[in-house]
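A.B. asks: Each chain is listed here by its residues.
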Amino acid sequence: MIRSTWFLIIICLLICTGCWDRKNIEDRGYILGIAIDAHSLEKDAEQKPPDKMKETDFGRIDMTTGKPEYDMTVQLPIVKKSPTVSASGGGGEGGGGESMSWQITQSGDSFLSMEREMESRVSLTLFYEHLQAIIISDDIARAGLDKMIDFFLRDREMRSNVGLFVAATPAKNLLEVIPRVEDHSATYLHELPTNSERNSRVVYKSGLGETVICIREGNDFVLPWIEATKDEIKMKGGALFKKGKMIGRADEVDIESINLIRNMYRGGVVVARRPDDKTGLIVMDVFGAKTKIKPIIQGDELKVDVYISIRGQYAEQIGSGGIDDLSDKFIEQCERAFSNEIEKQCNRTIRKMQKEYNIDVFQLNKLLRTQKPGYWHEIKEDWDRIYPDVEINVHVKSDVRLVGNKK
Amino acid sequence: MLKPIKRLFTRNKGNKGSKSSGINKYNPQTQLDSRSPQTLDDSQNQQSEVIYGQKYINIKLTKNLKENLATIKGAMNNNYDIKTKEFKLGGRGVFGAVVYIPSLADEDFVLNHIVNPLMIQSSLILDREDAISFDTIKDTMIDAEYINEAESLDQILFSVMSGDTFLSVQGYPKGLIISTKGYVGRQVSEPQLEPSVKGSQEGFTEILQDNIGLLRRRIRDPNLVFEVYKVGQRTQMEVVIAYLRDVADQGVAIETAGRLSSLDVDGIQGTAELGLYITDNPNSIFPLYQVTERPDRVARGLMEGRVAIFMEGGAEALVVPATMPILLQSADDYYENWIVSSLLRLLRYGGMLISIFLPSLYIALAGHHPGMLPTKLVLTITGARTGVPFPGFLEAVIMGATLELLQEASIRLPRVIGQAVSIVGGLVIGQAAVQAGLVGPIMVIIIGVTAIGSFVVTDYSLGLATRVLRIPFMILALTLGGFGLALGALVLITYMADLESFGIRYIKPLSPYRIRDLKQTILKARDASHMNRPAFLNTADVQRQTKQRRGK
Amino acid sequence: MRTKKLAPWQIMVLTVSGILGVDILIVQHNMVSAAGVDGWISLTIGGMVIFAASIPVIYLMRLYPDKDVPQITIEVLGKWMGRLALIPLTVFSIVYAGLSARIIGQVLKMFLLDKTPMTVIVVSMVAAVIYLVDKGVYTLAAVVDIIFPMYMTALILLVVFSVPQANLANIRPVLFRNAGKTAGAIIPGIYNFTGYGTIPYFMCHLKSKKLAVKPYIIGLGIPVLLYIILTVITTMVFGETTLRAILYPILNLSKAIEFKSGILDRLESFMALFWIPMVFASIVIFTYISVRKISEIFSIKGKGKKYTSYTLLFLLPAVAMIIPKDLNVLETYNNLKHVGIFYISIFYPILALVAGVKKRVVKQK
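Residue numbers (this note's numbering), protein chains in the order written: chain A, 919 to 1325; chain B, 183 to 734; chain C, 3 to 367.
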């Protein structure tokens, strides 16, 4: 009896005092996307009458520590009752329906203060666990990703598979996109790299977690560069980051080469000239590639051999009047043509990365550190100087395994 | 208080019981004699005289018939349902009388096989006057299943109250108790609580001897023993323990017998109630014994080395010990392929977990950890909950309470109105509440699935337990979220691990693991290949079947 | 007719549960901080040492199959010396249990409950622990036994899912100009296995007459293997630099897993739910041995044991909450284990030695 009384008292206490973390699911604001721009709001501090107030006026912040440096735009979903009914009808005719999301811009110098400042404008409690994408503007990226990223690592609500993207200033335009097939541009953006299994020209390993590991270890890396229209987003090449700062852009072909050399190629297309008829084209649908990199040290010289082997199917031919003549010899010639094409392409990218940008985007430094630790220990300070002149040889072996539906 | 009757009354009402009666008579005798320290007969036979209190023990019959009848009727308060019939034996001057209760005794039998031979036929057989002696009557004139001599009033009263007939003859200070039981009761019919698809459609009835017959028909083994006890100071109901002597754990049988004999109540009606009196832990919300109305399940239980308890007037049997995995088995498991049955058993575990945890899981996930859910699901739930005035917990409480009300109503109401209740309930839970904006549609789904989960739990009492457990888990989820759930689950496991059913841990064989046992309880073993009985039941006879090479 | 007998399998489970615990959340960070990429090598050597250290324990259990540690100690070292020797052990196990509760509280606050006060988390955890300890050794073993496959499955799934994220390059180069550090990290490698000494508290409740040495050895092997695997895999996923920076690598490991189209999206919070039973098991074991030691030191019998565990209900949260800053807890915890492993590694051999000498003396007489 006494026992059960105690039990009841404890339960009553729990109910009365408890529920520290509870919050109704509809009372949270699920931030889906964040765009970070350099501060650019106009600075008129005068008071305006309420009907003249603009959104940008709300975005300002009273600060004690200096001037605002960032504009953070967050995307909140506008959840209507039974969303299946009120989905934008008409299948996207006439350039998308009404927006399902709310973009709020806030300026400030630290992200936490910006977030909390935003909560003076939003009735919901902002919540990061469903964050899908962070879009960083060009100028912030050039100023240095490593400078501002700490909040997104330290905060307990952040997850490591949040996609990082770089876009031209202002990045918040990307969030304003009303995609035709998804409700929110951020989720659309998050799903975009999944096609990397079919298209090798996109950067797909761009999660917060991976990026941070690169920054911490001092490796150079690529983040996807995105461009947008009113209702469409495209991943267009990548932004090159050296020591946490963006230094340039890589086009889509470069990205393909980088993916190949870093053994991150998941599938794509190779197009080459037809070996027997230079006006025609042959196309290979690659479904797998494997890359091995072997650093060789001869005396003081470092030489890197990259062995790429790709396999795929002969998927298409253009020209030659559609004659079906796939002899073994022809296939061999095609394989050679594909290999040459890839070698050419890779060499172009390597030259660009070495000479133009001096960026070790292939992460050769990591390779040397783990495979030639002795050598790396000696040259580690001089790596920046050595890297542009390292001889990188690409050897490609392509393997056509299928020929499709016809011979 | 307790009286082990040395033989069973198996008055044959039809053909079916006749075969078994011989064995019945033989067994309890040997059983009781062979009992070692806790032996029941010696110590408790002395107690047994106290059936109707001290009052009647020392009242012995006299030689005067009238006087005796008056004593008996007096002791029975001259009740309306007692019938005495006086007659002259063989047409001569010797008076005899029978005392019986017509509603309990088979009156035809009394008149045709007792009174008639004594009154009429005896005159044809016997010429000499002195031939009518007590022994002659007993040995040559009456055929009944058993005929006992009785001298003291308590014996007589008890026999008459149980439906036997008491025959008294002028001039003898003793009489005969003749078995004439003939109850009216329900016929063997389909089990209501545990219907089965492929299994037998027989269920126990309220008549003890029918039930025992049902069981005996399934196990024709002389080692199937029945021990009889009397329970209830006033009700004096027979309680029978049945077990396979060379299979069952003797410890459990002795423990069961001990608990029955130590009972001292005025009366218990029904087997399920008896279970509450002899359970290990009266505070346990989990049922610590299996209540079944299926003879095939009892037979299977006995062959697993467990002990069954029957009671006069109870249409169910208790099977002990019962551990949680055993309670989650169903009769149909044994009639299906082992793969299907194993999956179904797992499904039942799933159902039980859902029944306990789903509402609290929803409260914890939606209230504390929306980050754990996929983004699109969160948005869907948010959309569904927009405009609902109550927080998730209250929503769950409202819907849960409605559900419980409906369930209770549909059980208590007559079947005809029950239909209407389910229609109304369906409307209230399914549509109106959502349309009125009182609860979100997601909550309706959650509560619906929860209810179905509790229906899957085969044992009704276990299902009730899961419904009770829902409440503390909801409170824990409300206050501490996922951590509260995990902690509550740990406390629940502790609680269950501490329970015992007749000396067997309630969670066996979940711990300690024994693959062989798990295969037979959590899953179902391949019928042709599990050779041994579950080891956690400590059976005396381990082997169940010899190895067969059917299939591969 | 309660049977308080343990099966050999349960001995194994108890050994594993005694060694695992909050360590599994921090061992990778500790090892990599101490020895760089070669942390797993130190850990392997430490694991080997544990097997050697278990020899005197097994010898003691052989000598006194019906007694647990405090009883053996008092029998071997005498009434007063024995009690004196037990006191540091008692303090160690109480503080260990308390700090474990605090650390899991911190983890929970980080991954599940943001605003819930630490006291509430710790007290409710300890209350559940005491509830179980109060039920006796058999129930304890049964509960630990039941929750064992839960967290084991979670751990194995974690390893399996994170294999695709692993990069072999991250643990290379092996032992490159790092031998000194690696050797220095052996002691931290050993003290992750402090729980190896808990099993003699349970062995005396064994059902069979034969000592369950094999389950004990297997039980020692599982955590050693598990720690090595987890250290290797976290190093392979995160690399040395990141591992030095993050506090609870296992939880971050589950964070790094891409687990698409699952009903539970955020795996690390979900995993945090599975660490609760694991830490619970280890706290339960350490609380139980604390209760045993306290009851032997003060010769508490019968109902008094109940009150001993109720005292711990207040003592453990007090110990857990004594350090104000979360930052310092892990450090204190490591220091505690450092001291503890030294004491334990001296305690058992000496006890075994004295017991052996005593036995010989008795035999000669």
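Warning: the hint list may mix true and false statements.
Here are the computed lysine-lysine pairs in the DSSO-like style, where the Cα-Cα straight-line distance is at most 27 angstroms [what the hints assert, rightly or not]:
#1 Lys183/C / Lys1290/A
#2 Lys1270/A / Lys1221/A
#3 Lys558/B / Lys1123/A
#4 Lys701/B / Lys216/C
#5 Lys941/A / Lys209/C
#6 Lys558/B / Lys1148/A
#7 Lys320/B / Lys270/B
#8 Lys1065/A / Lys1163/A
#9 Lys117/C / Lys360/C
#10 Lys558/B / Lys117/C
#11 Lys361/C / Lys209/C
#12 Lys1270/A / Lys1163/A
#13 Lys380/B / Lys356/B
#14 Lys558/B / Lys1152/A
#15 Lys360/C / Lys211/C
#16 Lys1298/A / Lys1273/A
#17 Lys183/C / Lys1298/A
#18 Lys998/A / Lys270/B
#19 Lys1221/A / Lys1298/A
#20 Lys111/C / Lys558/B
#21 Lys117/C / Lys941/A
#22 Lys701/B / Lys117/C
#23 Lys1270/A / Lys1161/A
#24 Lys1290/A / Lys1123/A
#25 Lys558/B / Lys941/A
#26 Lys701/B / Lys209/C
#27 Lys1212/A / Lys1160/A
#28 Lys1284/A / Lys183/C
#29 Lys1163/A / Lys1123/A
No lab work stands behind these hints: they were computed from the structure.
A.B. asks: All hints, please: hold or fail.
C.D. replies: Against the structure, the hints come out as follows:
1. Lys183/C / Lys1290/A: Roughly 20 angstroms between the alpha carbons, so the hint for Lys183/C and Lys1290/A holds.
2. Lys1270/A / Lys1221/A: holds, 18 angstroms
3. Lys558/B / Lys1123/A: holds, 22 angstroms
4. Lys701/B / Lys216/C: holds, 25 angstroms
5. Lys941/A / Lys209/C: violated, 50 angstroms
6. Lys558/B / Lys1148/A: holds, 23 angstroms
7. Lys320/B / Lys270/B: Roughly 16 angstroms between the alpha carbons, so the hint for Lys320/B and Lys270/B holds.
8. Lys1065/A / Lys1163/A: With Cα atoms ~9 angstroms apart, Lys1065/A and Lys1163/A stay inside 27 angstroms; holds.
9. Lys117/C / Lys360/C: Since the Cα atoms of Lys117/C and Lys360/C sit roughly 57 angstroms apart, the hinted pair is violated (cutoff 27 angstroms).
10. Lys558/B / Lys117/C: Holds, at about 26 angstroms.
11. Lys361/C / Lys209/C: holds, 25 angstroms
12. Lys1270/A / Lys1163/A: holds, 18 angstroms
13. Lys380/B / Lys356/B: violated, 55 angstroms
14. Lys558/B / Lys1152/A: holds, 23 angstroms
15. Lys360/C / Lys211/C: holds, 23 angstroms
16. Lys1298/A / Lys1273/A: holds, 19 angstroms
17. Lys183/C / Lys1298/A: holds, 21 angstroms
18. Lys998/A / Lys270/B: This hinted pair is violated, its Cα atoms lying about 97 angstroms apart.
19. Lys1221/A / Lys1298/A: The hint holds at about 16 angstroms.
20. Lys111/C / Lys558/B: Satisfied, since the Cα-Cα distance of roughly 26 angstroms is no more than 27 angstroms.
21. Lys117/C / Lys941/A: holds, 11 angstroms
22. Lys701/B / Lys117/C: violated, 45 angstroms
23. Lys1270/A / Lys1161/A: Within the cut-off at roughly 18 angstroms; holds.
24. Lys1290/A / Lys1123/A: holds, 26 angstroms
25. Lys558/B / Lys941/A: Cα-Cα ~19 angstroms, so holds.
26. Lys701/B / Lys209/C: Measuring from Cα to Cα gives roughly 23 angstroms; hence the hint holds.
27. Lys1212/A / Lys1160/A: holds, 23 angstroms
28. Lys1284/A / Lys183/C: Holds - the C-alpha atoms of Lys183/C and Lys1284/A are around 22 angstroms apart, at most 27 angstroms.
29. Lys1163/A / Lys1123/A: holds, 18 angstroms
Hint compliance for this structure: hints 5, 9, 13, 18 and 22 are broken, all remaining hints hold.
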